[in-house]
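Residue numbers (numbering that gives the first Met the number 0), protein chains in the order written: chain W, 0 to 296; chain U, 0 to 296; chain A, 0 to 296; chain H, 0 to 296.
It is possible that some hints are incorrect.
[Stated by the list, open to error] Computed footprint of chain W on chain A, listed as stretches where at least three residues anywhere in the stretch have a Cβ under 8 Å from a Cβ of chain W:
1) 75-82
2) 268-274
[Unchecked claim] If you anchor each label on the Cβ, the simulated ranges turn out as follows:
3) U/Pro137 <-> H/Asp49: 49 to 59 Å
4) U/Arg217 <-> W/Leu33: 29 to 39 Å
5) U/Ser175 <-> W/Gly154: 50 to 60 Å
6) U/Thr198 <-> H/Asp49: 11 to 21 Å
7) H/Pro165 <-> U/Thr198: 33 to 43 Å
8) A/Asn197 <-> H/Arg76: 26 to 36 Å
9) A/Arg199 <-> U/Asp121: 31 to 41 Å
10) H/Asp49 <-> A/Asn197: 55 to 65 Å
Hints were generated in silico from the structure; no laboratory data involved. Cβ coordinates follow ideal geometry from the N, Cα and C atoms, glycine included.
There are 4 protein chains.
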Amino acid sequence: MTGCGHGHASWGPADQIGAANLLTPELRLAALRLVTQGHAYDLSHVTGADAPFMAPNQTPFLLSLWATWRDTIRRRRRHGFTNDAGSNVERLEMTAHTGTHIDALGHFSIGDRLYNGLSAADVVTDRGLDRLGIEHVPPIITRGLLLDVAGLDGGAFLEPGRVVTPDDLACAAGDSVISPGDVVLIRTGWGRFFAADNTRYLAGEPGIDVPAARWLTRQGVVAIGCDNMAVEVLPNPDPTQSLPVHQHALAEAGVHLIENLALEELARDRVTRFCLILLAPKLRGATGAPVRPVALI
Amino acid sequence: MTGCGHGHASWGPADQIGAANLLTPELRLAALRLVTQGHAYDLSHVTGADAPFMAPNQTPFLLSLWATWRDTIRRRRRHGFTNDAGSNVERLEMTAHTGTHIDALGHFSIGDRLYNGLSAADVVTDRGLDRLGIEHVPPIITRGLLLDVAGLDGGAFLEPGRVVTPDDLACAAGDSVISPGDVVLIRTGWGRFFAADNTRYLAGEPGIDVPAARWLTRQGVVAIGCDNMAVEVLPNPDPTQSLPVHQHALAEAGVHLIENLALEELARDRVTRFCLILLAPKLRGATGAPVRPVALI
Amino acid sequence: MTGCGHGHASWGPADQIGAANLLTPELRLAALRLVTQGHAYDLSHVTGADAPFMAPNQTPFLLSLWATWRDTIRRRRRHGFTNDAGSNVERLEMTAHTGTHIDALGHFSIGDRLYNGLSAADVVTDRGLDRLGIEHVPPIITRGLLLDVAGLDGGAFLEPGRVVTPDDLACAAGDSVISPGDVVLIRTGWGRFFAADNTRYLAGEPGIDVPAARWLTRQGVVAIGCDNMAVEVLPNPDPTQSLPVHQHALAEAGVHLIENLALEELARDRVTRFCLILLAPKLRGATGAPVRPVALI
Amino acid sequence: MTGCGHGHASWGPADQIGAANLLTPELRLAALRLVTQGHAYDLSHVTGADAPFMAPNQTPFLLSLWATWRDTIRRRRRHGFTNDAGSNVERLEMTAHTGTHIDALGHFSIGDRLYNGLSAADVVTDRGLDRLGIEHVPPIITRGLLLDVAGLDGGAFLEPGRVVTPDDLACAAGDSVISPGDVVLIRTGWGRFFAADNTRYLAGEPGIDVPAARWLTRQGVVAIGCDNMAVEVLPNPDPTQSLPVHQHALAEAGVHLIENLALEELARDRVTRFCLILLAPKLRGATGAPVRPVALI
């Protein structure tokens, strides 16, 4: 591996997982050794009809009933079964990008260019991503670091449009040295508005800009997570730029983004180093997946 | 806790998680201590349009394109952005019960009765399960055991309708003693037909019947997984019974079921004891969730 | 037929179509004879992502791409076809109740009671309405009358909460005598806000209350349509009543409701009598259907 | 209008409706004058979960429950309403191309070229067809002709792969002279297998090939309908051609296709000339729509 974090993929022309190549058995073992209490922090929100989403690209989560106990029991009786087994099953109409989720590398492009120089015209098919889809993301079991910047301006959370800078992150990191293979979670305090005040949650958000993203990817992080919907500051201070952190992280650096995280409990307990486990369901071709990351201590 | 595995929930009237109450920090630590190599086996299939599903209760997984790079770039240019950020986003129409997934306790009833004596008429609402939904399943990080019965009849897999008995399981367990809090994964060899020969995969399956299920729940397992679509033998040898293992495990014992697992690699490497991690996305009210369980060694 | 319009269905215990029983070949011929110019007014809005819907029972219309020309051409080339046939196909996630639509009789109940004394517990199944679904609505080809009440308060439209009374309707009818088998369309002017100002469109609406509904059903109308989302006044002046016109029309009188109509052109041209044609797609078990009614003159 | 039916659109560069330009008030009046009995034949099948569809481009029709009377009554009671209004509402996951439907002109391309020389790359957007979508199809009220070829081979229906030729159509037309503005419905007898034997229905079908399609479009038909899923013969006798009739009719001639029609009653009553009414719901950007065409006599 060379050049990781310089915006040039360096794991060969066939690579589809980017910085996740840094996830080695050694790092996995080292991360697991951080666990001394056996406590698992759940870093996800519940995703329901009240989950915020930013139109037009994010879309609603809809659950409707497909099969219910009454009807399934009736039907099975008609088929001669006597044990009154009732099934409850729903149809989900959803997107991977509403609720707590991870972005696949193929979620964002710079023009036609996806991660590792792949052409979006080739990769994006009617059945989703032919490469760089969420099914290629390996299990993420590595060291996680919480960089808590929520109080930097003296309040309980940062304001929308507030850029979190490399200095802010360095300050929040304190003694923690970011190492290749780490996942960095950034707490802005914005998560308190998830499903509680969606209008506010969606009107903008504090977050990192490209310099902070580069500062992180240069250090070899595998993923960047945040307690907001886009990881990055919205609106971008440069009015000509739309979601440039997504472009840098996903399409240039091969670094995954984890969005809509629930980080309040970690912060409350001042947990800053932990074993981060994130297991994305392998939905073929999807540009992301709902996940339930945990922080083990 | 008393009476676990006797078919009587015993964690109080408010309990919604059943045998998952057995998951303690101590067991979590003990399971993590099993990990010496840092290797993660992925126990899930990729879920796509080719995933088998058993009509009428199981339904297809459909992915269609909601936003693509070309259009999103065009739109952003019209809004004055110059960085050509292309987004790829899909809509998913799916169910939790197609592909590798875990069943929520509220997925099955015995007549009107759900787990812990709850009434299905109360719990099943238009927005899904008001209680016992998948969002209540805690992170599962515990010891996993592989009981490999695939070769019991001398072939590479068992045949449909072949009942896996308590004796078969005991035999497959060998020296491994099942302990409260364990997750037991049963390999029948049937998984080879997943998405490879769906007609065969769905026409029936080898699996446990109620006696074997009771044998497992009595020992305090938290979940039972299998490399078939229903864990249990299909068709049931008793033609009056439809899915009685689902009823016993979910509605009586509060033990989760994990279906459509990919267990070939574990078997190939003769891995029988491991740290099992399964993190179900918290989709509110859903009767299950797509998951990506891993076995760590 | 006896008792039509008195809130008692009277077409026998097996009846599923209510007042549509009044649609006879004679009335159809009479309606067609009204057509002298051969001009067709389109009474429907375009339904897209911008269509208003009232949560929680109305839900969004979502169109995503399932198959597109590029991919289908590629695939067909791989199969040896040389004529470069490109297919474009979408998936629609929708409800019958967003956009211009007609309600099926089974859409509303009074407690457990549906139209013709049917029990909702019997009729509402996992696959929708077992009876009274939209597939039972016959083709509606009959005389239509426009009752234009939009200007009654001196403006271009009535305000939300404004009850349209029997007297208002009688006044708007002028010389037109409502006859059994007619469809009455009421113009409040509210339609101007459809997809133009959805917040306003959904915050309330002018419309009929139960007395006006009864005045209409008593005269044997087959359906009542309006240029708002619910036909009836919202909020109801009686704060204990939710959608009582739906209950009366659908569950008592067997009279269909047609919602979100586009009536501006009819009004502009002062067309008050016409041949109304409405052909609901037969979607099995659905509680309504998107339609494109036309007024022929 | 010049050149209609020669495969060159001739209604100007902005035209989106093709041969439907031929629909004039005069033709509408003439068609309505054909109605002497006031009887309406319903030409559509019921579309439900049992509707046949040809993977991969055709996809299933799924109806699940969004709101039901029990829950809506409960919720309204909590809001202080006392009239126990129960609502039943479904979510529909569907495509326009399953069940009885009409194809929009933008449904098919020849390479990048859509009807009227439009480029598919321009027209096909994330929200469907920007032009040539189903919302542009005008109400179709015109003369319909039934060409019944079902018995041509001596049986009750033609066999799959049987090409219906111009001579066959001319023979079936008998005295009827096809005129500009007509809709021609072809009965092959294949409709009997719709939802009754889907495997057979989908394994191939009798239908027209390009010569017969050209014979029809040259005479100025506005739409061609059939009692099969694709109007055209499947498989095409030329193994290098995939769906060439779709290309000719939609992309060259601007002539709509109507599929999965129910024509048995028309044939039984030997109705060959009628007033055809087809009103496609205006679903923005959709490549087709479920319809319920009727034949009036």
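Hint compliance check: list the failing hint numbers for this structure, sorted ascending.
1, 2, 3, 10
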